[in-house]
Structures are given as C-alpha cells and as structure tokens.
Amino acid sequence: MTKKVSLRIFRGEKGEGDLKEYEVELDEGMVLLDCIHRLQHEQESDLSSRWNCKAGKCGSCSAEINGKAKLMCMTRMSDILAETPEGKPIDVRPLRTFPHIKDLVTDVSWNYEMASKVKGIKGPEEPDWEFHQFEADRAQEFRTCIECFICQNTCHVLREYHKFEDFGGPRTFVRIANFEMHPMDEEDRISDVKDVFGIGYCNITKCCTDVCPAGINITDNAIIPLKERVVDQHYDPLAIIWRKLRGKA
Amino acid sequence: MSEWTTHEYDVVVIGAGGAGLRAAIEASRAGARTLIICKSLLGKAHTVMAEGGAAAALGNADDRDGWKTHFRDTMKGGKYLNNWRMAEIHAKEAADRIRELEQWGAVFDRTKSGKIHQRNFGGHTYPRLAHVGDSTGLELIRTLQERGVHLGIDVHMEYTVRELLLDDSGTCVGCIAYDRVDGSLHAYSAKSTILATGGITRCWSVCSGSWEYTGDGHALALWAGAELIDMEFVQFHPTGMVWPPSVRGILVTEGVRGEGGVLKNSEGKRFMFDNIPEMFKADTAETEEEADEWVRQVVAGEKLSVRRPPELLTRDVVAKAINKEVAEGRGSPHGGAFLDIATRRSTEEIIAKLPSMHHQFKELAAVDITKESMEVGPTAHYVMGGVRVNPESQESTVPGLYAAGEVASGLHGANRLGGNSLSDLIVFGKRAGEFAAARASELDQPSLKKKTIVSAAESILEPLGREEGENPGAIYDDLREMMQQKVGIIRTAALLEEAINDLDNIAERTKSCNPGSNKRYNSGWHQALDLGNMIDVSRSCALAALRRTESRGAHTRDDHPQSDGEKWGHTTIVVKMKEGKVIIQEEELEQPPPEVESRLERSLKGGEEE
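Here the protein sequences line up with chains A and B, keeping their order.
Heads up: the first sequence begins at 1 in the numbering used here, then just goes up one per residue.
Heads up: the second sequence begins at 1001 in the numbering used here, then just goes up one per residue.
Think of the hints as simulated: they come from the structure by calculation, not from any bench.
There are no misleading hints in this set.
Among the chain B residues that face chain A by a calculated CB cut under 7 Å, a handful are: (1) Arg1110; (2) Val1181; (3) Ile1250; (4) Glu1363; (5) Asn1518.
All of these numbers come straight from a predicted model, not from anything done at the bench.
Even for Gly, the Cβ is constructed at its ideal location relative to N, Cα and C.
Model the full structure from these sequences, guided by the hints.
As structure tokens, then:
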C-alpha cells in the first residue's frame, strides 16, 4: 500500500485566501519540496512555489512549515511527520513578514533594496592580496549566507513591528559584517549601521541565529561586534576624546 | 488584444548567473545602459550550485603551472574538439579574472603563505582550482551580485524571455519577456543582446540542474537563426547522489576526489585502475601505493612528485567506468558506486574542506560522510554544446546577439574539465559584455516592429486560453524520463531514433496541455512554455548524437564504441533551424596554427581514446 501524507497549503493571492488540504503519495526519503512538486505536477498545475537547487544552497524555497520558517528542500518528510500530531495535516504557509504574491510565494524585494544601501568593499588597488586563512575565516562565515531571508522573516522588529523604513534586519547586518571583517577592507560603514540600518532596534534575542539554515552565528558574530563598533565610534566618550586628540574625530 | 510595456537599453543580458552578471558588469563599466533579465531572484541562478572551484593557472600551489599547461589540459580533456582560440584565451585570462574577483570581495581559501589556495581536480596537471570550501559558486555569484548592485545595473527579476526580436536584415534588436509574478508582457529594444542562460540538463530526469535549466538560450538562439554546435556532447558528472530517490542527481563535488576520496565497487575494489585510457596512462598512477603517496603529498602541501590517482581522470572516463561497474553487477545497493573519503581524511579535515557535502548527506540521506561511504552515480550535469560564437567577441552567427557561459560553445570540446566552467563564465562573460557595449556605442536605438511583438505576445498567452487538457507537469516529467532512457550516457542509433519520434508525440501533447487561465505566478503556464524549448533542444541533442557515429569524450555510442579519428576527429556538428525544422550538418573544425599545435603535445593523433 502506498503511504500518503496530508498537507494543508495556503492558496490565494495578495494575502487573500485560505488553507486547502491535499493528499500526496509519499516515497522513501522525500523532502517537503518533493511533495509540493508532486502536487503541482499531478493535481494543482498553477500552484506557486519558488525553488532552485533543492540542496540547501540557494535559499529560494523558504516557507513556514507547521509555524516554523524553514527551507522546504531540507525538510525531510520523516522528520516533519514525526513532529506533527497523528492524523493532523502538515501546515505549509508563505513567509508572513513579506507582502504576499501567490500561494507560497512572497515579495522579498525589500531585502534587495537594503542590500543596495550597503557600501561595498574598498581594498588596495593592487591585485594579489595576501591574508591568512584565520583572517579569511571571520569573513567567510558570513559569506555562507544563502539569502533565504528566514532570519528577516523571524526577526520581531520586522515581523511584529514592521520597521522596514528604519531597520536593516539580520541579513543586512550579516552582509555588513562580511565587509567589515574582511581583512583588506578600509571602508567605514559604522555610521550607516547606526543611522541607516538602525541596529539599535535589535535587542539581541537571537531568534535569527536560531533559525539560520546556514548555521551562521548571526547575533554573536555579526550583530554584537557591529553594535560594539557603533558604541565605540558614537557613544564612548573616552574613545571620542582619544580620536579628537589624534585628529581623527 | 495583448498589451505590453516597452523598455530601451544599450545592452540587455538574459540570465544572472556568473556569465550574465560578469557581462553586465563589463557593459555597465563601459558606460552602456545595461539591464539583466532573469528567471529567478537575483543570486539564485545555477552558478550558486557550483561547488569545487574555478580553474586558473595562478601558480600559487605549484609554480610549475602556467597558462600553457592549462591550455593543454583543456584541449586534451575536450579530446581536441575544442575551439583552440577560446581555449587559449580562457587559459590566458582566467587568472586575472580570479584576482579581480578577489578585489571585488570574494574571500577564497588561503595557502599557508596567505595566497589564494588551489585544489586538485580531474584532468588538471597541477592543483589549479581557486575555491571556497565546496561552495565556490555561491562566493562567485554573491561577489558579482554585490558588484553589480553597486554599479546600479537594472535587474528585471523573475521575468522569462520567450523570443528574440529581429529586424528585416536578421539582426537581433531585442527580446520579449513576461513577468512570472503577474504575467505582464515586456518588449525590450536593445542594441546588443547577450544570452547567458546556462544549460539544458533539466531535459534529463537524473540531473544536477535546477528548474531554470530548460535550454532557454539555446532555443532562443536556434529560433532566431543562430547556429549551435557540439550538441551531442552532454556531460554526465560521475558523482551525483543516487539515494534516496528524491535527491537522485544532486551533485557530489569532484572536490571529494580532489581531497583524496576513492571510488570502490561492491567488492571493495578501486575499479578506476582498470579504466585508464591510453591517452592518460602517462599521467596516472599505476598502483594504489603511488595514488596514496599523491594524496599524502597533497595533504602535506608538498610539490607533487608522483602521478595522480585514476579517480581524477576526466569526468567522461569516470562516469563511464561507474556505469560499467553497475551494469556488470558490481554496483552499490542503490545502483551506484561507493565514494569513500571517511577512511582517507580526518573528520576535521572533511568538515573543513567539504562542509556542504557533509551537510547535504547528513540532512538529505542520513549519511555521515566522515564515517561512511557515499553512494554516487552519473548525473546529467553540463552541456558542452551551445551557441556558436566568435572566440574573441562571443558574438553569435546572428549580428547583435552574443552568448557567454554554458549557453555558448567551443571552449570545452567533447568534454569539459571540472573547474573550467566557473572560469569560463568570468572570462567570456567579461568579453561578451565588453564587445556588446562597444557595438552598442556605435548604434542608434533600434525600433521594434509592432507586428512581431504582437505575434510573440499571442504565443506566450496562448496556453492560458485552453479549456481542457492534461497537466503540463506530466508532459514535462515524461520528456525528462524519455531523454534519460534514450539519449542518456550510453546511446544507440535505435534508441536515438525512438527519441526523435517520441519528441514529435511530446510536441503534439504540449500543444494541447492545460495550465489553467491564471497569469499570476502560474507554475503550469511556465512549464507549458518551457516545454517548447526543451523539445527543440532535446531534438538538437538527439539528432547530433545520431549523426556522430563514434564514441568520443562525453558522447558514447554502444553501436560505435571506438573513436573514429579519421572521420570525426576534426569534425564539428552544426545545428540550425530552417523553416521551422531542426537540421544538422557537418563542418571541418579549424585546427590550431603550428606554433599552437606544438604546445598541445598530443599523445595520439586525433585524440583517440579507449
């Protein structure tokens, strides 16, 4: 007998719609994205979802699965069934923080607007830069970000308080940290971190770190060091006097 | 009556992977008003899935390396069917393109002395691949994406281009696309158009490609009258995942073997020692001891004094060897071979060098690669064939239309070396952008013919008006399964002829499939349209494969198992479209001039193998 699974998927456009229940056949080793594809190929031709690599490398297929944002391609059905109460369907909804487009697809363009406000790298003109692996390590952690925007979706400053005008969100701080920790970079982004990206709104609850599928230590390694640099540059009176004395105010 | 929005640009780049982004950066830098149109969100293109690294003769890991060796390796790997000039340009310019990426923010892994580290890969004489762990593609695309964003290049994300627009003289003057989100139509007037759409491997059911890999650029070029070459050469990467079924085909980087991983059959034998082609015998270890000494030297960072393990032979050779083991009953439980890194390197080293492989197997197959062997088998990975281009400028045979990256052809010949794809993207992406911008600077904005736009618009919207019919997803699955069975790694005339017939049936079914009527992010509609490209591209492959009655590189004919240097060693198969039909013809391949030829040191005339 073939095993079947019940999925309850949000169907609709621009936030209007409701959860619809479907039954999909299950094979060994399937991930949730396989079920979505099977459903689209066999039952619901116009079902919308995003995906690309199906291996956790591109960050396209984020969705809220039983209330928790994850990558559908890395969510094994055996795991999700184990945590879903017997007889209950698995809930699949789009990311709630961003404007809804259709079914499981949301408008994440705000993240790209934020990205364009981050100053790029500024290093020496001469090629063949030399730096060591332990220096590369600090920046490389941030460069494993796959831009799934699950951290942005989870951050309550965005999700509950909608501070899209004043706050960059964890992904933006990871991007900034990647440049700031680059061993050859000479750009100054600290005023922007405070004023443009509103790092003060973050009260380090670490929700972003908990949900990151790339395992980036967002709060401890990106946000807190950036907060410290802001304090050092803008609020530490001794540091300010010291810079004035050295003519670097 | 259809409605559309018209846009005007100097240069329109179709595709936002490594080649498209690099082309757009160069065009924009030259002052051209540049637009990128891409099917996915920015930063999600197929390049992101590249793992092992980008090949460039930086000489950091071994100072004996240089562009001449890289050139020779590339030509040999391609069984000398490469466009020699593209191979030369690529080998000469790759190193500068890598250095440039570093200045744009890419953080490559380092050597002990603080330079860019280089990894071993199949077919490369020296360690040559600049890399970031095993997620080099992500680094490359993110770096280029950030550079592009800071240059202020316009991007139309989640748009699909359906037709190139031509003027009366057959010059490409733009394209027409639809917005996947709301179904709106967009016409683009462009002085130069660059195809950077990647490959076609979604036409096979076991593939490492994403949904984007439906041969859009190949089909657009074909439909616009451009020539394609080498379409019979589809690379089956030897190591894709084989279990569980849902992940079958997902790539396992060649970096596993570059870091010392070995292939074994069900009897525990390292079967690659029995599969060394004549032309590679002189460069390959003869004994396990020699191969193990090579790994020891690599791990110690010593200059290599012994020959490389046979697991690092070119991809065509390794894929066929695995195929043979499985066919002869010595495969792994799920129909592959065992790839073992667990007993070769320490847990810490594996996690540091191959983090994404470790993660991928742990999450998707419940296999800990630091403790157990992986099961791997061939997966459709890359098409060597594509749009015929001028080696210097990347212009196609249609004026105003350029192609770069996987959609272009010539660099890789009959088989691509691992690591040569990422470097291909940045070397020829840059050139395409440069030449496209130069052309644009001398032209007025082309005007578009209303009639052409209307007819293109109608064919885009047509599937939405069907009242009933089957789900396009079902046809899509059938096409991929058919190609897997009949135009796969081992081919015969009978199977290829069947495939060509089957494609006619699939084309008929496609005409009446029903994706519903919703324009908004309708996956079924997108598939119904993609099927059109997939059918013509699949047909191009099958026809070219049928014509080449020999086995060479990635093209293996069971009914013609030998290389036939006399007949095919200097012959290119050209595909084009005439009156709505895909036709093929043979052409003599231009040979390198004597001073270049002498650099090749061909071990056998014509590059015969087996």
